[in-house]
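Novice: All residue numbers for the sequence shown refer to the working numbering, where the first residue is 122 and numbers rise by one.
It should be emphasised that the hints constitute simulated quantities derived from the structure, not laboratory data.
Be aware that a few hints might be false.
As the list claims (entries may be wrong) - Estimated spans, in silico, between C-beta atoms of each pair:
| # | residue 1 | residue 2 | range |
| --- | --- | --- | --- |
| 1 | 189 | 250 | 21 to 29 Å |
| 2 | 136 | 242 | 50 to 58 Å |
| 3 | 195 | 240 | 24 to 32 Å |
| 4 | 308 | 146 | 51 to 59 Å |
| 5 | 133 | 308 | 26 to 34 Å |
| 6 | 316 | 173 | 55 to 63 Å |
| 7 | 194 | 146 | 20 to 28 Å |
| 8 | 244 | 136 | 32 to 40 Å |
| 9 | 250 | 185 | 21 to 29 Å |
| 10 | 308 | 200 | 56 to 64 Å |
| 11 | 303 | 146 | 43 to 51 Å |
| 12 | 311 | 220 | 41 to 49 Å |
The model shown is predicted, which means the values in this text are computed figures rather than measured ones.
Beta carbons are placed, not taken as given, at the ideal position from N, Cα and C, and that holds for glycine.
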Amino acid sequence: MPNACNYTWSTALDTVIREESRSAGVPLDLAYTFVAVESGFDPLIRNLSAIEDSVGLLQLNRRGGQGQGYSVAQLQDPRFNLQVGLPPIRRSYELAWAPDRPPFDFIYAVAVGSGHPGPIARADPRMTRIMNAWICFSAGVGQVGPDGAPGAAFVPAPAESLAQFMASYVTLFMFPGGILRGLTAYFRANYWRRKFVYPFTPAFYARRFSAAFDPRRLDPQTRLRHIFDPRIRRPPGHRPPRGFPR
């Protein structure tokens, strides 16, 4: 059974999704994303409440939504559900796509324009879930192909998917954050070490003793007392010029 991004679905359903997404002209990563977010690949799921009656893979709403006029049995048919729900995604995708558009702006425009889930705020948690699913499906991470064959559950051609760059995009903006957090922790620990640990070590007093005999210590022209006495901070405006020998 194909599985990806913490979702598992049948090989037969995978074939239907592939065929209908190709027929509708929707990139496979987008089709997987909205099916996963809306129904978790469960074609029989139904969300019935006082304000909606959403059925099937794309949770088409029978009360004034894209599922209006169709029976529950019709919308629980995976192929029929996709035939009704994918064309709006295709139209929204065509309007939203631009080569230089930021990824989040693109997927947000598709989600709002296609009605999955419709007009929501950019900071809505559902938007975060859609973005995360799209990144995962577009990258093809940790997937198994149909019939248990190793590889990706989908391997879109370059012209078939618009999100191939997302893997490098996420990598580029993921690691600087970790590096900055690591540097922050390093400098913070170094500050506490110099302030509360180093002054109580023999090395501190050995350095002070040797510095007492350095003729530069009291030279007003060099302003190097901060080097020989770690308790002294360099005053503002008293930084040595570029190339000054240390």
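Novice: Any of the earlier hints contradicted here, and which numbers?
Specialist: 2, 5
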